[in-house]
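Fit chains B and C to the given chain A structure using the hints.
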Amino acid sequence: MPQVKMTVNGKPASGEVEGRTLLVEFLRENLGLTGTHVGCDTSQCGACVVHVDGKAVKSCTMFAAEAEGAEVLTIEGVAAPDGTMDAVQQAFQEHHGLQCGFCTPGMVMSARALLAENPTPSEAEIRDYLEGNICRCTGYHNIVKAIMAASGQDVSTIAAE
Amino acid sequence: MPKDSGIGASSKRREDVRFLTGAGHYTDDIDLRGQAYVHFLRSDVAHGILKNVDTSAAEGMPGVVCVFTGADFAEVGGLPCGWQITDREGNPMQEPAHPVLAQGKVRHVGDPIAAVVAETREQARDAAEAIEVEIEDLPAVVDMKAALKDGAPKVHDDLTSNLCYDWGFVEENREAVDAAIKSAAHVTTLELKNNRLVANPMEPRVAVGDYSRSTGESTLYTTSQNPHVIRLLMGAFVLGIPEHKLRVVAPDVGGGFGSKIFHYAEEAFCTFAAKALNRPVKWTSSRSEAFITDAHGRDHVTKIELALDKDNNFVALRTETHANMGAYLSTFAPSVPTWLHGTLMAGNYKTPLIYVNVKAVFTNTVPVDAYRGAGRPEATFQLERVIDKAARELGVDPVELRRQNFITEFPYATPVAVEYDTGDYNATLDKLLEIADLAGFEARLAESKKNGKLRGLGVNCYIEACGIAPSHLVGQLGARAGLYESATVRVNATGGLVVMTGSHSHGQGHETSFAQVVADMIGIDENMVEIVHGDTANTPMGMGTYGSRSLAVGGSAMVRATEKIIAKARKIAAHLMEASEADIELKNGQFSVAGTDKSVAWGDVTLAAYVPHNYPLEDLEPGLEETAFYDPSNFTYPAGAYACEVEVDPDTGKVTIEGFAAADDFGNVVNPMIVEGQVHGGLAQGIGQALLENCAYDEDGQLLSASYMDYAMPRADDVPFYRVDHSCQTPCTHNPLGVKGCGEAGAIGSPPAVVNAVIDALQRAGRDVTHIDMPLSPSRVWDAMNKG
Amino acid sequence: MYAFDIERPTTLAEAVKHMAASEENQALGGGQTLIPTLKQRLASPEKLISLTGIDEIRGICEDDAGRICIGAATTHAEVAAGATAYPALAALAGNIGDPAVRNRGTIGGSLANNDPSACYPAAALGSGATIVTDKREIPADDYFEGMFATALEEGEIITEVKFPVPQKAAYMKFEQPASRFALVGVFVAKYADGVRVAVTGASEEGVFRWSEAEAALASDFSAGAVEGLSLSGDGMISDLHGSGDYRAHLVGVMTKRAVAAAG
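Protein chains in written order, with full-length UniProt numbering: chain A, 1 to 161; chain B, 1 to 788; chain C, 1 to 263.
So that you can see chain A by itself, here it is in the shape it has in the complex (with noise of 0.2 Å):
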């Protein structure tokens, strides 16, 4: 089987893997991060969110094989070495952005993502962009309100708070 050599939250990994090999596969299953999730089959959930170079993508829509070389940055790379948890994070927590945690990972790194392109999100660009992320517990109020905590805005204001 051919190897795959790619960075992942800084460390270099790499292993044997199949051409159908998936990335999700090959970091839950080959470097046991099984923080990443797999919640569909058709793209959809975003459960698997990871960043590639930078960027968030579906590892279960992308091949291990496609990240020769890459640097993979996984839920378990965001916090700090010594354990204290990011912005996103942390504002996820404050504001009880999750529930059963399955699909968090995901959501935490696409909020990352967001975050990233736009400092200060508007409601509504949130929920934009959380279009490709499937919450079924939260209802994404919290989810939103965190996010926008973690971007510094004043959610007190918010109903319900």
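Hints may contain errors.
[Unchecked claim] Quick partial rundown of chain C residues pointing at chain B, CB under 8 Å, derived from the structure:
| no. | residue |
| --- | --- |
| 1 | Phe174 |
| 2 | Ser243 |
| 3 | Tyr246 |
Hints are computed from structural coordinates only; laboratory data are not their basis. Keep in mind it's a predicted model, so treat the numbers as computed, not measured. Where is the CB? At the ideal position from N, CA and C, for every residue including glycine.
Chains B and C in isolation, oriented as in the chain A frame:
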């Protein structure tokens, strides 16, 4: 003032850190040494006779360990049904066998025919494709009414028909209801469907079976809301494994919404095959597979009639429902359209006469069972829709018509067998009108009109029966299980506590809120309390999490066990301080002697319990661990009022939710943040049911909405910020916490608000539309607006 | 998925050679449609030839005729950000799928697949674009041959798409609620020599030009000009999400809205 810890505080969830950093531990994250993978070959036709299953080619494929067919399960038990309904004639329901792998016939698309165990997932799938299956197609029955016609193809040849049961409730009231309707001043009739849904927790189901030759113990890791229930059902009824040789573990579970209550064939298969092959066997559902194997929800076709007197008082209600069971009876399926539905038909209103008829029907579709709300959304939807229609027919304010008929005195015994202990429906309605800013509606309407949009407002109430359930009562109603909950509180020598609960948390935040309760009772820091759940090896017994029961029932068991702990600790403290037990007070984690400055800390007492040098050994055992079982004396009755504002685009029929407000009475609240989150999630699912989600079959029994390409899941831009309030609190009178449960309310209360709002918008625009069946997709709304 | 190998050529010549090696070899763009298809085992290529590592077919430029030329391996996100000279096209690209899909999906992949509900076919047909392959140039009017069918021959690789820039243009998509693909999408573009109206999502024949609307808009480029025109629901897709008649109706609505948005 918001509290910063204990009961009533919005403590941040401790479980979040692992979920946010990728350290969650879900079933699919479990890989065992030597593990093989199973792929199920499933029927692609809805109904047919299995003439031949030839596995010979598959057996020789690379990596194949073993191929199983129905023949291997001929002597194994079928999946049991946990609830028996008695029909109008007093006869038990028709109850077909539900084999782990199909026996002779396939009955829905997705019915498992064979299972290939191989070294890798893809090898298993490759080999499954090499199995030659000969099926003689039979005509499928999909439509419930067609399924009941004479000569309709039978889903189960050994049953007399496709009718599972014909249930009447309360049968003795039937004639009186008929008479009252006949003589009423006004009768409003509505025929409607409660659309079939797919629960769709984001984590697909997974099962990993394991067997130890050393201990003879089987272990199943599974995505379950109730591992003990699975242990009981699978051990006792399917595989014949005694409970002491069977361990079921449900680790982090990525949402359930009912669909992970039930015992599924894949769980039994993996447990069975692991022993047969002496190696772990893993199954991970794909989302596509989930659509044709997870039990679906709802799917009722109903005719409801509401009779009113000349003063618009409700005098009688009659409802007739066809409820789809699918091809087999899933674990709790028969209870959903009956006891979880008929008993709620009084709603928030003092209708004196009610009769409910339900015909449960077998069809060639995926089994249907509980989905968030389970029966109660179906009851609420039809009742709140028919009241709305009545108000429009009578030209009265739908809000005032409801208010006029509210139950206002408690306890209140309904004509449908339940007794509401507390409530204040005027209070939640008043609160709703405030938070929904109804006063500003006219201005918003004018603004919408200016933009060429039709605006509408829908208001409704709901009530639910939660805290499921008093065992003696449900036993009389056909339940084959008790519905208590258990908890063990283990105090360690250094003062920390481990609480083992039979409730299961799969998003509800029990690890945080349960710890708040116990810490509050003792007066210690929440972080000293660890909540353990999801493993039959830890907790004595557990009926699990569904029906908004965890805090009301599981929390009560935990309170009772903690009370026992405190009682014993008080004795130890009395001994340590050489005081009378009656004088011992516990406050902020300190035991003190009333009227003195003598005190000992919680930790001193717990240490004494385990290092009993100075200890009343003659009266008291060392150690500090207590177990309690709690069986509720009644259901709890959360209730509330919801309002939805919509805009309809008249050119396309597209509905947008412009505002949603929910005023709930959940009794006492432990963690407001978590409660609000539960409501938010329920609202999104209810809005999804009302506008988006449609599990549809074609006439051949092929599922048309079999993936997220066609099954519309609510996304972030389908919903608004919600305005939710739970400040109206009439505490439950019969459980120690005074709590009622909040998990399902949002999904129960919201669909009628959305539909009422759309009908309101269309009628305000002069369109003669009185009802549209859910989901109110753009095309359906446009069709309704442009009919004729 | 069935087993296959992946080749990742870095030059077009290499890719062409790989594609020619076997009829069972298939080009892989961003894979956002192909990978889900493979997961369902609806395709069984011997090799996938990934085109995303070929720099020469990636990027956006302007040719001497003033056309916007987009390399086939350019992602939707890159077009959304980079096709500034053709704002309607950039806006269309910026609303395909979701952000993660846009970071992988490519214009070449979308046009080669020709999904009847995809957005790009409407832009290409509505702009009278030219689809450039390793072998030839194909006018959009000759390229689309019905649902999932194109003029591409076995092994032929799209390398570039050239869009003449209109005076005015806009795309209006009415999304199917589940997939978020176009239930109906209408691309309207006004050129000096006429108006083009391309419709995706609606027809059983795939993307098509609504000539009646083009004629009406040519003389009067206003939403009002389309008023009164109607399409038949016959031959329109009819499914869970809407009847043929509903789709036909939406074509009119979306056309009017696109014209209004184009200004």
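Going through the hints against the structure:
no., hint, result
1, Phe174, "holds (6 Å)"
2, Ser243, "holds (7 Å)"
3, Tyr246, "holds (5 Å)"
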